[in-house]
Amino acid sequence: MSATPGTEPFLERAPLELRDWFVRLLPEPLQWLTHHLITIVAILAVFGLFFAFTTVAERKLLARVQNRLGPNRSGLPKFSILPWHLKHKLFGLTQPFADAIKALTKEDIVPAEADKFLHFLAPVIVVAFSLMTFAVLPFGRHLIPVELDSALLYFFAAGSATELAIFMAGWSSRNKYSLLSAMRALAQLISYELPLILSVVPVILVTGTLSTQAIVLAQGSWTFGFLPHWFVFTPWGFAGFLIFLVSALAESNRSPFDLPEAESELIAGHLTEYSGFKYALFFMAEYFGLTALSGLGVTIFLGGWQAPCEFLQFIPSYLWFMMKLVLMIVFFIWLRGTLLRLRIDQLTRLSWKFLVPLALINLVNGGFWALTADCSGPLQIARIAVSFSVIVIPFFVMGRSLSTGFAPRTYRYAP
Amino acid sequence: MLGSGIINGLIVTAKNFAGSYYDPKRMVTQQYPEEPAKIPENYRNFPFLVTENATDPMGTLRCVACQICEKECPPQCIIIEKSKDKKPDATGKMQLYPAVFGIDTSVCMSCQICVEVCPFDAIKMDQVFEIAATNRFEGLFLDREKLAKPNSYYHQIHPTEAAEVDARLTAEREAAAEKAKAAAAAKAAAAEVTRGSRPVSPSSTGQETSATPAPNPASAAAPAPSPMAKPLDEPRRSSPSEDGPTTSNS
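Top to bottom, those sequences are chains A and B.
For the first sequence, the working numbering begins at 1 and goes up steadily by one.
For the second sequence, the working numbering begins at 1 and goes up steadily by one.
Everything labelled a hint here was simulated from the structure, so no lab data went into it.
Glycine included, each C-beta is placed from N, C-alpha and C at the ideal position.
It cannot be assumed that every hint is accurate.
[Unchecked claim] Which stretches of chain B does chain A cover? Using the computed rule of at least three CB atoms under 8 Å from a CB of chain A, they are:
| hint | region |
| --- | --- |
| 1 | 8–14 |
| 2 | 18–27 |
[Said to hold, decoys possible] Computed spacing ranges between beta-carbons, pair by pair:
| hint | chain 1 | residue 1 | chain 2 | residue 2 | range |
| --- | --- | --- | --- | --- | --- |
| 3 | B | V28 | A | R409 | 40 to 50 Å |
| 4 | B | S110 | A | Y413 | 49 to 59 Å |
| 5 | B | N135 | A | L104 | 50 to 60 Å |
| 6 | A | R409 | B | K25 | 25 to 35 Å |
| 7 | B | E34 | A | A98 | 14 to 24 Å |
| 8 | A | L118 | B | N135 | 46 to 56 Å |
| 9 | A | S403 | B | V28 | 49 to 59 Å |
| 10 | A | V110 | B | P40 | 23 to 33 Å |
| 11 | B | F129 | A | A161 | 21 to 31 Å |
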């Protein structure tokens, strides 16, 4: 944990104080273990609940986008001791718990010819690795589970390991369609791993560190007290953020890149032979991956736990982080309600012919920004203009070449 | 520009999202069990028996147990037993009434043929759809107590049709009353003329008085063609007891 000045407001330090108070109740040999167990339990509880309510928020937002009501029936169970369980449906907010009970009580079918051990191991690994990525995200000024110097490397290493689990799932099912889908999923994930990491490299160039906490601290100042110095407000940062968004969508198998598990076209891709709670675990891992990648995007581009204005610092930093995280998730849900699914060739073409070159150019752009760090006055404006044109001109040129031959469709007979 | 389509799409979905909160035209969902389902007026299923008076439903059934609907019903889900006695109907005439009138809704296919053949406007289509029962025999068999519903209910569910039926019925009743009055006057005049020549026998006057009100108000003045009371087609009038499989074999 970082330094703890005593002048900070109590709320900022409240989670740490609570943990330390509990740890001090225990005898000395247990304290180290308890200290870390509490961190793990806190992450599991907070992001478990976050996952649960993300699913219900997603269903409700998508429903509203499609002019429906969404789940609003589930209230409290009949045997609830609360007196108002009969009248209140709680806007369907208890839906995820009903879903969890349903998934737990469903029959778990394992194919007779499947590799039973790997078939069981795949969902466990996918959840484990997607949870491991939360370890290096700075949730608040003092709330970072593990402060690593090479946090970004660790994050991408752990995040890429889920691809192993996906192939494990496809292979162990002993179903040729599962295997084919797993290979497709792998092709997609590896394609988008590259722009994802390349979009982050400029940040590393500019800040000169791999530590997530240091990256957040580097964004912690304001011009005139209300213009935050987040990297998303620099030309290279904005481009990097967009590339990061697209790649994060593809990495977490979200629409419009949800080809691996295209429920309306394929059965469920590599999850064909999974049912019950194992399927729910894959589902959970997908949302954990999305949350972790959103958290990383918030950390390296949106200023992490920093307040957007100087006078808003009285709000605890972890709340700022959660607010930005929720905004990112809502934006992803909004995109899901808007965009159509890509074809596999369009998907790989977008990655290799557009995002990777753009990310490489952006890398040069980030290098330029790092070299001209001590500019000031009119030179500062020239620096921004150069950086802006370096990324926008290739965007237009490549976008034009990518969309040649794709004219807007003309309808000859329809009005 | 690359990406402008995505931004346009995002605007469209955002409009839909915001519109779903304040524009009731966008949200067509009916919260059915809490809010009653909105049924269009022309929706109809499962017949019911019209009664004139809500306070005395069994005494004021329009049905006179003529059994036309029972014979016409394609799945034969109607069962009628005529009464032994006669009771005055809404206009005060003595009529038979159904001692038993039952519809098996597990068999009924809501074809509306019973409604179309009824010359008395006594059976009409209902708008019930919450007819789930725990017992498929007793629960789905509606006897005449369950079938009888007042005319005001008919007005409530099918206002246009009920107004039309009511107008026709009052016109027919008035015409019948006038005709009866005219017939009575003619009879009285004829009796006046023939009084001098021969004495009137008590038996013939009894026949005449019973014969005049015998035709019911609808059929007495029934020449007006109405969509509700169409003439029955002849080939279908043969009773099921004559050419049914049980009797034809013997």
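Against the structure, the hints come out as follows:
Taking a C-beta to C-beta cut-off of 8 Å, the region 8–14 of chain B contributes 5 residues in contact with chain A, enough for the three needed, and the coverage statement holds. Under a criterion of three residues with beta carbons nearer than 8 Å to beta carbons of chain A, the stated coverage of the region 18–27 of chain B is upheld, 5 such residues being counted. Under the hint 40 to 50 Å, the C-beta atoms of B:V28 and A:R409, about 30 Å apart, miss the expected range. Checked against the hint of 49 to 59 Å, the C-beta distance between B:S110 and A:Y413 comes to roughly 41 Å, which is inconsistent with it.
For B:N135 and A:L104, the hinted distance range of 50 to 60 Å is not satisfied, since their beta carbons lie about 36 Å from each other. For A:R409 paired with B:K25, a C-beta distance near 29 Å keeps the hint of 25 to 35 Å intact. The hinted range of 14 to 24 Å is satisfied by B:E34 and A:A98, whose Cβ atoms lie roughly 19 Å apart. Distance hint check: the CB atoms of A:L118 and B:N135 are about 53 Å apart, consistent with the given range 46 to 56 Å.
Evaluation of the 49 to 59 Å hint for A:S403 and B:V28 yields a failure: the beta carbon distance comes to about 37 Å. Checked against the given bound of 23 to 33 Å, the beta carbons of A:V110 and B:P40, roughly 51 Å apart, lie outside it. For the pair B:F129 and A:A161, the supplied restraint of 21 to 31 Å is violated, since their beta-carbon distance comes to about 55 Å.
When the structure is compared with the earlier hints, violations turn up for hints 3, 4, 5, 9, 10, 11 and for no others.
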